[in-house]
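Given the structure of chain A, go ahead and fit chains B, C, D, E and F onto it with the hints provided.
Read top to bottom, the protein sequences are chains A, B, C, D, E and F.
Count the first sequence with the numbering used here and you get residues 1 to 136, in order.
Count the second sequence with the numbering used here and you get residues 1 to 136, in order.
Count the third sequence with the numbering used here and you get residues 1 to 136, in order.
Count the fourth sequence with the numbering used here and you get residues 1 to 136, in order.
Count the fifth sequence with the numbering used here and you get residues 1 to 136, in order.
Count the sixth sequence with the numbering used here and you get residues 1 to 136, in order.
These are computed hints drawn from the structure, not numbers from a lab.
The structure displayed is predicted, hence computed values, not measured ones.
For every residue, glycine included, the Cβ atom is placed at its ideal position computed from N, Cα and C.
There could be a bad hint or two in this list.
Have a look at the derived ranges for each label pair, beta carbon to beta carbon [to be verified]:
1) D/Phe31 x C/Arg27: 41 to 49 Å
2) C/Ser13 x D/Met1: 51 to 59 Å
3) C/Ala18 x F/Ser62: 22 to 30 Å
4) C/Phe31 x A/Phe31: 36 to 44 Å
5) F/Pro125 x B/Asp22: 34 to 42 Å
6) A/Arg27 x F/Ser62: 52 to 60 Å
Protein chains: 6
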Amino acid sequence: MATVTLIGDADASPRVAAVFADIRATRKSDFVNNFWRALAVDPDGLERTWAEVKAVMVAPGSLDPLTRELIYIAVSIANGCSYCVHSHTAAARAKGMTGAQHGELLAIVGLAGKTNHLATALQVPVDPAFDAAAPG
Amino acid sequence: MATVTLIGDADASPRVAAVFADIRATRKSDFVNNFWRALAVDPDGLERTWAEVKAVMVAPGSLDPLTRELIYIAVSIANGCSYCVHSHTAAARAKGMTGAQHGELLAIVGLAGKTNHLATALQVPVDPAFDAAAPG
Amino acid sequence: MATVTLIGDADASPRVAAVFADIRATRKSDFVNNFWRALAVDPDGLERTWAEVKAVMVAPGSLDPLTRELIYIAVSIANGCSYCVHSHTAAARAKGMTGAQHGELLAIVGLAGKTNHLATALQVPVDPAFDAAAPG
Amino acid sequence: MATVTLIGDADASPRVAAVFADIRATRKSDFVNNFWRALAVDPDGLERTWAEVKAVMVAPGSLDPLTRELIYIAVSIANGCSYCVHSHTAAARAKGMTGAQHGELLAIVGLAGKTNHLATALQVPVDPAFDAAAPG
Amino acid sequence: MATVTLIGDADASPRVAAVFADIRATRKSDFVNNFWRALAVDPDGLERTWAEVKAVMVAPGSLDPLTRELIYIAVSIANGCSYCVHSHTAAARAKGMTGAQHGELLAIVGLAGKTNHLATALQVPVDPAFDAAAPG
Amino acid sequence: MATVTLIGDADASPRVAAVFADIRATRKSDFVNNFWRALAVDPDGLERTWAEVKAVMVAPGSLDPLTRELIYIAVSIANGCSYCVHSHTAAARAKGMTGAQHGELLAIVGLAGKTNHLATALQVPVDPAFDAAAPG
Numbered sequence: 001m002a003t004v005t006l007i008g009d010a011d012a013s014p015r016v017a018a019v020f021a022d023i024r025a026t027r028k029s030d031f032v033n034n035f036w037r038a039l040a041v042d043p044d045g046l047e048r049t050w051a052e053v054k055a056v057m058v059a060p061g062s063l064d065p066l067t068r069e070l071i072y073i074a075v076s077i078a079n080g081c082s083y084c085v086h087s088h089t090a091a092a093r094a095k096g097m098t099g100a101q102h103g104e105l106l107a108i109v110g111l112a113g114k115t116n117h118l119a120t121a122l123q124v125p126v127d128p129a130f131d132a133a134a135p136g
Numbered sequence: 001m002a003t004v005t006l007i008g009d010a011d012a013s014p015r016v017a018a019v020f021a022d023i024r025a026t027r028k029s030d031f032v033n034n035f036w037r038a039l040a041v042d043p044d045g046l047e048r049t050w051a052e053v054k055a056v057m058v059a060p061g062s063l064d065p066l067t068r069e070l071i072y073i074a075v076s077i078a079n080g081c082s083y084c085v086h087s088h089t090a091a092a093r094a095k096g097m098t099g100a101q102h103g104e105l106l107a108i109v110g111l112a113g114k115t116n117h118l119a120t121a122l123q124v125p126v127d128p129a130f131d132a133a134a135p136g
Numbered sequence: 001m002a003t004v005t006l007i008g009d010a011d012a013s014p015r016v017a018a019v020f021a022d023i024r025a026t027r028k029s030d031f032v033n034n035f036w037r038a039l040a041v042d043p044d045g046l047e048r049t050w051a052e053v054k055a056v057m058v059a060p061g062s063l064d065p066l067t068r069e070l071i072y073i074a075v076s077i078a079n080g081c082s083y084c085v086h087s088h089t090a091a092a093r094a095k096g097m098t099g100a101q102h103g104e105l106l107a108i109v110g111l112a113g114k115t116n117h118l119a120t121a122l123q124v125p126v127d128p129a130f131d132a133a134a135p136g
Numbered sequence: 001m002a003t004v005t006l007i008g009d010a011d012a013s014p015r016v017a018a019v020f021a022d023i024r025a026t027r028k029s030d031f032v033n034n035f036w037r038a039l040a041v042d043p044d045g046l047e048r049t050w051a052e053v054k055a056v057m058v059a060p061g062s063l064d065p066l067t068r069e070l071i072y073i074a075v076s077i078a079n080g081c082s083y084c085v086h087s088h089t090a091a092a093r094a095k096g097m098t099g100a101q102h103g104e105l106l107a108i109v110g111l112a113g114k115t116n117h118l119a120t121a122l123q124v125p126v127d128p129a130f131d132a133a134a135p136g
Numbered sequence: 001m002a003t004v005t006l007i008g009d010a011d012a013s014p015r016v017a018a019v020f021a022d023i024r025a026t027r028k029s030d031f032v033n034n035f036w037r038a039l040a041v042d043p044d045g046l047e048r049t050w051a052e053v054k055a056v057m058v059a060p061g062s063l064d065p066l067t068r069e070l071i072y073i074a075v076s077i078a079n080g081c082s083y084c085v086h087s088h089t090a091a092a093r094a095k096g097m098t099g100a101q102h103g104e105l106l107a108i109v110g111l112a113g114k115t116n117h118l119a120t121a122l123q124v125p126v127d128p129a130f131d132a133a134a135p136g
Numbered sequence: 001m002a003t004v005t006l007i008g009d010a011d012a013s014p015r016v017a018a019v020f021a022d023i024r025a026t027r028k029s030d031f032v033n034n035f036w037r038a039l040a041v042d043p044d045g046l047e048r049t050w051a052e053v054k055a056v057m058v059a060p061g062s063l064d065p066l067t068r069e070l071i072y073i074a075v076s077i078a079n080g081c082s083y084c085v086h087s088h089t090a091a092a093r094a095k096g097m098t099g100a101q102h103g104e105l106l107a108i109v110g111l112a113g114k115t116n117h118l119a120t121a122l123q124v125p126v127d128p129a130f131d132a133a134a135p136g
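For reference, chain A alone in the conformation it holds in the complex:
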């Protein structure tokens, strides 16, 4: 159960309906997933967040769409967001993620989870060399 009422198409205000329509047009699919139907309780947040998703995940850039999804999944796992892990794993598959790539993603995320804990446990001081490596 959600902490808010999900907004169905029949209940959508004009502002919400416009975002739902743009989601459908952008994704070339009739499916509007529950995240947007829940966030629709706050039309300002809905518009702002969808606009950001389009700018960051859909617009052309130097990272390909699948790589962007892999990064998104990685953050969602580390943050323990169950819904987001499901939705972005499905999105990655839709963008061509193979079983082998999924396995490698799992291996990297698991290893990073492990070494993140070790580095924090050891309170490892940052090597000066990493600063020199950061010309911006």
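Frame of chain A, contents of chains B, C, D, E and F only:
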């Protein structure tokens, strides 16, 4: 300051020295960063972790080396591991990450951080469609 | 399913029953939610935690009861505690949180989630001015 | 040290300079804190994030400015973002947070941290009553 | 629902079947829990992770098996991993954890959750004495 | 730098001084570490938190003092609390933690960090057997 004493080359036991040598040979660099010098207080953990890094981050696979580093950075940011963010951002640059790619990584990680919080706040139920999308 | 057996009224020891009675008297409601029924497996922890909730969330202070709940929800979201998000969102509504206020809470939490990730990704050094701003 | 080069006023491109100018005008202060100088390496992200901060934290709404900062601090603490804890604690003081209010904020955040861990440890099932409490 | 298809015994490849057989032999039980059946989609990760579990959790060492489980539960709670809290709480009970010990574990984890939040909120500087206490 | 002014002995109010005195008497040491000096800005929180530490970490119980510290460290690592990792690693050493035990702690925490991430990535469903294992 670390919670353990970092192991310098002069203080390395034969087992630790062998790992340090393999790090240098694998990376074709004389630099052994502080993470390994701290973890060296536990030679079992040092050997096991370095072997895993080689298997996951160095061995050939279906994800290219830069993509692997971007995923690693993403997890490290979400886990708040300062050392890891530094070391893997430097590693990504060494593997060719451009300023534009870094900017896009930041944008994706920031957006995921935002929507992770929103999905958790809303307790969005997982769409059944995402299950159908998971044939394994 | 829980990791412990929830304690019903019929199974409550005198110490547990006394806490349940105080919860009911304090909240002017017969409802004792599952958190307390689970924590009741450790009567010491039950007494200590309920006493702390009374001192921090119920006793008079300089922050009004709704503001306290908004802060509680914010922490619970960031920590990914599903139960806590549900229980404190319900509590905030019971204390008068409007739909508009909920929407603004979501917007702030989402933005903070985003900028927290960005500041960690960038490893931004703390401005000296923030120290001067902290006279105690 | 940061993972990027902070952008000083003299090095700001016209797009970055425009955001810095708007920060100064909006806050009625010459001070541009390091977060914006670091994020400036990605002008798209800088513009988008500053616009969101203005919409969420500055524009009129149903939550007063100090309450918004308290929520922001709470999320930042739970996410372990050192920079954000510093910057938003300073911002809250600038908006009038008293020592007593700070003490109560600490008490709520600490208590929430504790009960979040307990609820997760116990895997407490969500009470059906909380769903009924969520008419949206 | 999982993000992958769980691997039943009938569907296990020879490599996966070998790990399942070793799990059964090591634990002296026919039960193979879902974690391994999900991870089996990546046989490399399955083999590597099971080998690590055997080395860290099963092999003789200076910490007894129950203490190891208590530490594992503590990390899993703090990371908000629902599955892991369930599986390792069950494992701790199987290794003799009493109700009193479980109650004390909860109390310590709750207190640590609270003081972790407080120390981060206060940005407490590390005492120099803690460094002197770290001879390695 | 902290977000508050640390309270030195000369600046302690009678309530704060009484807690400092009890810390010294309980620990049989003149050292009062910075956590308490920072928390002293909120005397209510100082008294409540110190009383809880005494009840949970000092009073007799079914877990020995060193095991309690190992659990505390584990939570602090997973929560990324730098100060807490330092202070409780020092406390564990003072209570007899050997280098071998520290190494095993690191190995368990690292492994748990890894499998927590994997279980979340895979969204592994909880085995019904774990429920049967929870008679309370």
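Cross-check of the supplied hints:
| no. | hint | in the structure |
| --- | --- | --- |
| 1 | D/Phe31 x C/Arg27: 41 to 49 Å | holds (46 Å) |
| 2 | C/Ser13 x D/Met1: 51 to 59 Å | holds (56 Å) |
| 3 | C/Ala18 x F/Ser62: 22 to 30 Å | holds (24 Å) |
| 4 | C/Phe31 x A/Phe31: 36 to 44 Å | holds (38 Å) |
| 5 | F/Pro125 x B/Asp22: 34 to 42 Å | holds (40 Å) |
| 6 | A/Arg27 x F/Ser62: 52 to 60 Å | holds (56 Å) |
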